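Chemist: The lines below spell out each chain.
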Amino acid sequence: MTTDLERHDTDILILGSGGAGLFAALHAQQSAPEGTRITLAVKGLIGKCGCTRMVQGGYNVALGGGDTVERHFMDTINGGKWLPNQDMAWKLCEQAVVRIRELENEIGCFFDRNSDGSLHQKAFAGQTADRTVHKGDLTGIEIINRLMEQVLSRPIEKLQEHRAVGLIPTSDGSALSGVLFIDMRTGKLRFVRAKTVLMATGGGPTMYKYHTPSGDKTMDGLAMALRAGLPLRDMEMVQFHPTGLLAGEHTKMTGTVLEEGLRGAGGHLLNGAENRFMFDYDAKGERATRDLVSRGIYSEMRKNNSSENGGVYISMAHLGPELVREKFKGMVKRCADSGFDLAGGLVEVVPTAHYFMGGVVVDPETRTQMEGFYVAGEDAGGAHGSNRLGGNGVANSTVYGGVAGDVMGQDVGHMNSLRDPDNSVLAAEIDRVRQPFAKKPANIHELRNQLQNVMWDDVGVMRTKTGLERGARGLGDIRSQLDGVGVASDNLAFNLTWHDWLNMASLCDISNVITQAALARENSRGAHHREDFPDSGTMESSYFTVAQQTGETLDVTREDVQFTIVRPGETILPDHEPETLVANP
Amino acid sequence: MTEKSENLSVAVWRGDQSGGLYEQFDVPARQNQTVLDVVSWIQQNTDPSLSYRFACRVGMCGSCAMMVNGEPRWTCRTHVKTVLKGNRLEVAPLRNLPVIKDLATDMDPFFDKWVASEGAHHPTRSRHDPIAPVDPTENNRKEANEGIECINCAVCYAACDTVAGNPDYLGPAALQRAWTLYNDTKDANRNAILDAVSGTDGCLNCHSQGSCSHYCPNELNPMKAIAGLKRASATRFFRKGS
Chain A
15 MTTDLERHDT
25 DILILGSGGA
35 GLFAALHAQQ
45 SAPEGTRITL
55 AVKGLIGKCG
65 CTRMVQGGYN
75 VALGGGDTVE
85 RHFMDTINGG
95 KWLPNQDMAW
105 KLCEQAVVRI
115 RELENEIGCF
125 FDRNSDGSLH
135 QKAFAGQTAD
145 RTVHKGDLTG
155 IEIINRLMEQ
165 VLSRPIEKLQ
175 EHRAVGLIPT
185 SDGSALSGVL
195 FIDMRTGKLR
205 FVRAKTVLMA
215 TGGGPTMYKY
225 HTPSGDKTMD
235 GLAMALRAGL
245 PLRDMEMVQF
255 HPTGLLAGEH
265 TKMTGTVLEE
275 GLRGAGGHLL
285 NGAENRFMFD
295 YDAKGERATR
305 DLVSRGIYSE
315 MRKNNSSENG
325 GVYISMAHLG
335 PELVREKFKG
345 MVKRCADSGF
355 DLAGGLVEVV
365 PTAHYFMGGV
375 VVDPETRTQM
385 EGFYVAGEDA
395 GGAHGSNRLG
405 GNGVANSTVY
415 GGVAGDVMGQ
425 DVGHMNSLRD
435 PDNSVLAAEI
445 DRVRQPFAKK
455 PANIHELRNQ
465 LQNVMWDDVG
475 VMRTKTGLER
485 GARGLGDIRS
495 QLDGVGVASD
505 NLAFNLTWHD
515 WLNMASLCDI
525 SNVITQAALA
535 RENSRGAHHR
545 EDFPDSGTME
555 SSYFTVAQQT
565 GETLDVTRED
575 VQFTIVRPGE
585 TILPDHEPET
595 LVANP
Chain B
126 MTEKSENLSV
136 AVWRGDQSGG
146 LYEQFDVPAR
156 QNQTVLDVVS
166 WIQQNTDPSL
176 SYRFACRVGM
186 CGSCAMMVNG
196 EPRWTCRTHV
206 KTVLKGNRLE
216 VAPLRNLPVI
226 KDLATDMDPF
236 FDKWVASEGA
246 HHPTRSRHDP
256 IAPVDPTENN
266 RKEANEGIEC
276 INCAVCYAAC
286 DTVAGNPDYL
296 GPAALQRAWT
306 LYNDTKDANR
316 NAILDAVSGT
326 DGCLNCHSQG
336 SCSHYCPNEL
346 NPMKAIAGLK
356 RASATRFFRK
366 GS
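In order, the protein sequences belong to chains A and B. Heads up, the first sequence stops at 599 in the numbering used here, and the numbers go up one at a time, no gaps. Heads up, the second sequence stops at 367 in the numbering used here, and the numbers go up one at a time, no gaps.
Calculated from the structure, these hints are not laboratory results. Just so it is clear, the structure is predicted and the values come from calculations on it, not from any experiment. Treat the hints with caution; some may be incorrect.
In silico SDA-like cross-links for lysine to any residue, where the CA-CA straight-line distance does not exceed 20 angstroms [unchecked claim]: (1) A:K347 to B:E344; (2) B:K311 to A:K347; (3) A:K343 to B:N270; (4) A:K266 to B:Q169; (5) B:K267 to A:K266.
Chain A residues, not near chain B, derived (Cβ > 10 angstroms throughout) [stated by the list, open to error]: (6) E84; (7) R113; (8) I114; (9) N318.
Cβ atoms here follow ideal geometry from the backbone N, Cα and C, with glycine treated the same way.
Isolated chain A (complex conformation) (with noise of 0.2 angstroms):
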């Protein structure tokens, strides 16, 4: 089946344009001899499909007035709840000030300023300094504007709604040839060698009923890693935020975010019975963390105290609807869009899968196990461990996509060829992509929701063994099902249908390692919660969950953390510094 396959060679191969992706790209271009050959494909259009561009809030960077790398390194472990890899939480936190400058000098963003024309910083949740460099709450679309511009405006390859479906290894497999990607525009399929190869694809759980990720992203890159054989870490980290706009189920609206600044301004959440519930869950009351307030939520849902739709309430309006609505005008204007006002009304929210902790295991290099791949962004594990924070995911994702950028610019000149690929690979990934033409085509769309609610109710905010069993056998139904489901094949150009089965395909088998991995870890931490295992555990006992597979074989184990920079009760802080540097946490 390989005779009507298109071929292409190329040096430096870029999967994705947030802002990993494109940073990479500029990075790559700076960084590699003269003459490389740069190719950045997408599964959309450059600077719009994937995530980067949809953050709200901000940038987490320390920038002085008191704020340190060491204070924000802290912040990050105690948020992950000290399972990050320490070493590249601390990449992170150091670059983020290059980065940041990089963003204003070279890239031509323009972050909000003081009076004094200095950068604005906000602190979110969990963090002990003012350190979140924002653009209103629209950050992500600065970001990755100017990003664009610059990478469109470079002699860079662009292959746009080029979807990559498989990782093509060498006959050995120890390294990687190149990628398959279908050509979405013609429906053709095009084999792409490369020297180098950059994963930055961006996780996202859509495979959850009430979700926040933009709708190209189906979790490719994960399954794509799963099948190439690597180990992936901390599957079972699923970050939901609290506040989802909830407006039926016949609506794409549903699990977008609303943002959390609306909790912190004084927002206040209430029940079915319009009575507000969470001081029954955490002293801090609405203003408690995303994971605890998700927690809040979920648990009045589930005592049937829920809104009309069976979500809850969020309610503006006692700070005054002419006040909400010039502080949070693009909310409101969001809300008032879709037929509803925050203002002055009530709107129905529910907690919203947001983002995936979980990745493919790398060093902070961006290299893996499997020479000439990289992986950097949301599709990399480790920054973060058990949980985000606000403000760290476009902090993770441009610090290593750069990162991954220079050092793939360096390693490619001392990479003579390019590697030929294993043809049984290539083969088998094409008959996968192609698989449904030979079937009856079904209605996707109604095993895609069949997904997200197995998804919701037993591998969700709060979970059981009992439960993740279940969802398990759950999953392993809906697959089959998939097996069976066609699609029609006489115009594949632009076919979203088949790209709705692909989409299926690659999140039930990250749906399945995500229920593994939360059945092996026995405990409860950031994200994670286990009903029956209520307990978070020693933090010097920490250990992480890898994921790897082999042939039809996943296996699940657990390592030790390394304290590489700091141990469970004690601090790189110098001493007598204060706990938080933030006026009204």
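Based on the hints, put chain B in the right spot on chain A.
Modeler: Structure of chain B alone, referenced to chain A:
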């Protein structure tokens, strides 16, 4: 008629570069429903071969703009109730751009013009320098801020009759980006920007019909930005001439 049995009557343009025609679909009406929801419902339930593009669902990425009842709109943030005529809806690919298939257009010409307008920052500092202090109340900065939230959805580009008449015209979004950069005190090459936008296909083509500003879903004002570029180009011309 009860809410349950109510159907929307939706005409959807189907075809590719070689041409196309409208096909008719019945779609169940819902309480909360955007135009994008309607298009997706058709692909998921009635015609799996329908092509369209979307990503973020919340008006941030600018991927899903289409012609809705003849007007350019972001479909993810357009509630059906606000655009329905009777119970009818007509959806077509964005105007002034080549069609790939059905409702999906090729946005490359739009972005080529963004680059041609010198829409990428010209640095004055590097990552090794401190970040420049900028007074947020200073006039140039306020002017730049007005256009900074553009999401490049191409709604203004589709609305522009000048683009329709002259496909080489740079168009409102690219020109607004140029004006934003021109006012950015951090930018090193304001002359290059004026050179790029004052040529044959540049800002002087604009007839100030204002469709760009009328349709911008983020309530930006490209027409005003283009007027600014016209003034700056003229000022420079006379200075050069004297």
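Chemist: Now tell me, hint by hint, if it's right for this structure.
Modeler: The hints, checked one at a time:
{"no.": "1", "hint": "A:K347 to B:E344", "result": "11 angstroms, holds"}
{"no.": "2", "hint": "B:K311 to A:K347", "result": "31 angstroms, violated"}
{"no.": "3", "hint": "A:K343 to B:N270", "result": "16 angstroms, holds"}
{"no.": "4", "hint": "A:K266 to B:Q169", "result": "13 angstroms, holds"}
{"no.": "5", "hint": "B:K267 to A:K266", "result": "35 angstroms, violated"}
{"no.": "6", "hint": "E84", "result": "20 angstroms, holds"}
{"no.": "7", "hint": "R113", "result": "8 angstroms, violated"}
{"no.": "8", "hint": "I114", "result": "7 angstroms, violated"}
{"no.": "9", "hint": "N318", "result": "22 angstroms, holds"}
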